[in-house]
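**Student:** The residues making up each chain are set out below.
There are 2 protein chains.
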Amino acid sequence: MAGRRPRVVVVGGGFGGLAVARELRGVPVDVLLVDQDNYHLFQPLLYQVATAGLEPADIAYALRGILRRIPNAHFFMAEVVGVDWDASCLLTAAGEKIPFDHLVLAAGATTATFGVPGAAEHAFALKDLRHAVALRSHLLEQFERCAAHPELIDEGLLTVVIVGGGPTGVEMAGALRELFTKVLAKDFPALEVWRARVMLVEMADSVLTAFHRSLQRDAARALKVRRVELRLGTSVSRVTPERVELSDGSHIPARTVLWAAGVRANSLADRLDVPQGRGGRIVVGPDLSVPGRPQIWVVGDLGAAKDVEGQLLPQLAPVAMQGGRHVARSIRRRLEGRPTERFRYVDKGIMATIGRRAAVAQLSFGLCLTGSLAWLAWLFLHLVILIGFRNRLSVLLNWTWNYLTWDRAARLILGPNVRDRSAEPSAPSRSPAADRTTST
Amino acid sequence: MAGRRPRVVVVGGGFGGLAVARELRGVPVDVLLVDQDNYHLFQPLLYQVATAGLEPADIAYALRGILRRIPNAHFFMAEVVGVDWDASCLLTAAGEKIPFDHLVLAAGATTATFGVPGAAEHAFALKDLRHAVALRSHLLEQFERCAAHPELIDEGLLTVVIVGGGPTGVEMAGALRELFTKVLAKDFPALEVWRARVMLVEMADSVLTAFHRSLQRDAARALKVRRVELRLGTSVSRVTPERVELSDGSHIPARTVLWAAGVRANSLADRLDVPQGRGGRIVVGPDLSVPGRPQIWVVGDLGAAKDVEGQLLPQLAPVAMQGGRHVARSIRRRLEGRPTERFRYVDKGIMATIGRRAAVAQLSFGLCLTGSLAWLAWLFLHLVILIGFRNRLSVLLNWTWNYLTWDRAARLILGPNVRDRSAEPSAPSRSPAADRTTST
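Going down the list, the protein sequences come from chains A and B. Just so you know, this note's numbering puts 816 at position 331 of the first sequence, and the rest follows in order with no gaps. Just so you know, this note's numbering puts 599 at position 114 of the second sequence, and the rest follows in order with no gaps.
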């Protein structure tokens, strides 16, 4: 390498990619982080932006602001479209070639609609800030339209169908019910807001299948108390602009469908000519490098990392963060001529919140929490993981405000303007659930 | 009216329209506020959203949240397209007819480009939240592009031309320079950010022509200290996607042009078949009603209200607020069978801020302030006028944070996605300066 420091290129500024960059601070390498957005997004709180509790800047942090504190790391904003393996170069949509010595792929996952007709076109995804703002605006617009034309309630304008009973679906369902009953019922005193429906459709026979049975039951109970309609053991067979058709033959008039039923590796994985496993995830060896390509590493949702028993690891932020740190240490070991080690994910637990003082938490050492205690643990943990003191302060201020006043300050309709819409009445203002082009 | 309470329909939820609704609280009328957005926008701080210092929810407040506290007022979200005078009905773009007994028009103003070629297509306006977020995203994108291709600086990617030396232009120019030198210079350590230019073009021979001569000089000095390039006595003859052509024959390569040179009454005024004055403003009598139509009132930027000497009143928030209160009282007098009174605007002063500890304020009783004192007065006054305790707290938090850290938390690129852009490389991501369709 003749005096030149090895160059580590990291694709993706999410939990995994950032962990790599941070762990390489002070290591004699040059780190280049590439992302198509200029911010790190705290995805676990995205549903609160969609339900008007938080603003985008509360859960997003400029990547350049983070990397300022890592002298050997730099940022490059670009859409990655592939890799030239012979030249060891990353290829961008704008035609740039970015040479690397080590390449860490941490481009995450997108929504998978499994070919369900209409889902990609008519359902909302909840994977980035644009989705959250579009969903928030769309929801509030339905209420405004019903305020003018209450007969539209019958056509499902106030019905939200959430597909998928995992943490995203459950958290969204609970937050929507609170938004409806505590905020919008006051905003729309003349509207029969009690007729607004939130339906959660889940193929399995319970919500939160990754949790203990008792927590699944607790979560289902908390959802029912909040009048979320659970359709378990049911799948969606079709989505149209006006309704959702279910596997049991019924159909629900609904103008808002959130697809939270599945994820697929970012489509970048499909363009790399490397073996892929379930959900398009890139096959990796025990040290998270790509078999046969020891200088290519995959971190987080994009890769098919396994535990010692050969089970695929879940696509969760902690897996990505620990994987990122592991890869950074592995690169360091390589540079020092030492062998790499197997990645061992330390599962500290999982949690999901249903609403005010209602959450479930399953900690690794066998402890299960529910209710207020789980909820406080959830709040505390998310505040701690959130990047940046200002964001923590702002989220804390908003949460306190929302808790004390039942208010939601961000209930602003900021989608495409009324003017734009009236020019093109047939153009859907919703964003597709599936991103079929490559994103980093 | 046989038992029915008179219905006052107010078009526009800005400073003027809100003042009407608030002043009619408890008066035996039904108030219906109509706006195409679901929020009140605090326009004076819009430039801080455009320069990443504040978030949209900090300066916008849900109109339904405000009207909750006025039992006799309700909200209707619609785009107003005209009035059926014979039926005394407001007409909306969706085809609704809204009957009224009194109609208050407070739809504000839009940007006027005076037919300058290319201005409407290629310059940004700064009149609503979408403009501000689009401008912020566009600006940050130019820096990201230059980080990849520094040679593009020569093509004007880091040059912002602001057209118009009024308060908006001056405040934007100062805020941009602070963003560049204090925030982006640190974000882009490898980029020659000192080469980024902010040029302020003003047709008159000074900035802030509405202020005292001495304050004009102070403001110009403060701008020059911040390296804003002043082009006074100069006008813009053409705007293209790549450059701005000036009346002196020179042209400036610039990819970001902000049009802050003029306003025109909302185009709703053109559709009402009522006499219009300068800038399309609706001619009004001394009590702000439309001559010959005693139950039609015009408040704020939309109307051509005059002072006792026959001078047109300026298009400022305090004029709209006082006018709104006057019209509400006049409607009350009408209902009580009393004659209406002339509207007398009480000018308490004007102020503009250039940057940190730099502002100019001209108070009505002859007092002129500059520097830190004017700046503190400006901060205090804007916090006080801002609606909602949470918004005040959030703005105060953000201002304190920005002041202490020189940080700007909202520097997020949230315009159309890289994916969308790469699909249509020639589509401009900027919003047109002139809204040529009706908006309320």
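These aren't lab readings, by the way, just hints derived from the structure by calculation. Check before you lean on any hint, since a few could be wrong.
Stated by the list, open to error - Heads up, simulated DSS-like pairs for lysine-lysine below, C-alpha to C-alpha not over 27 Å straight-line:
1) LYS667/B <-> LYS671/A
2) LYS671/B <-> LYS582/A
3) LYS667/B <-> LYS709/B
4) LYS791/A <-> LYS833/A
5) LYS709/A <-> LYS667/A
6) LYS671/B <-> LYS709/B
These numbers were taken from a predicted model, which means no experiment stands behind them.
**Student:** Compare the structure with each hint and give your call.
**Tutor:** These are the hints, each one checked on the structure:
{"no.": "1", "hint": "LYS667/B <-> LYS671/A", "verdict": "violated (43 Å)"}
{"no.": "2", "hint": "LYS671/B <-> LYS582/A", "verdict": "holds (25 Å)"}
{"no.": "3", "hint": "LYS667/B <-> LYS709/B", "verdict": "holds (16 Å)"}
{"no.": "4", "hint": "LYS791/A <-> LYS833/A", "verdict": "holds (17 Å)"}
{"no.": "5", "hint": "LYS709/A <-> LYS667/A", "verdict": "holds (16 Å)"}
{"no.": "6", "hint": "LYS671/B <-> LYS709/B", "verdict": "holds (22 Å)"}
Against the hints set out earlier in the document, a violation occurs for number 1 only.
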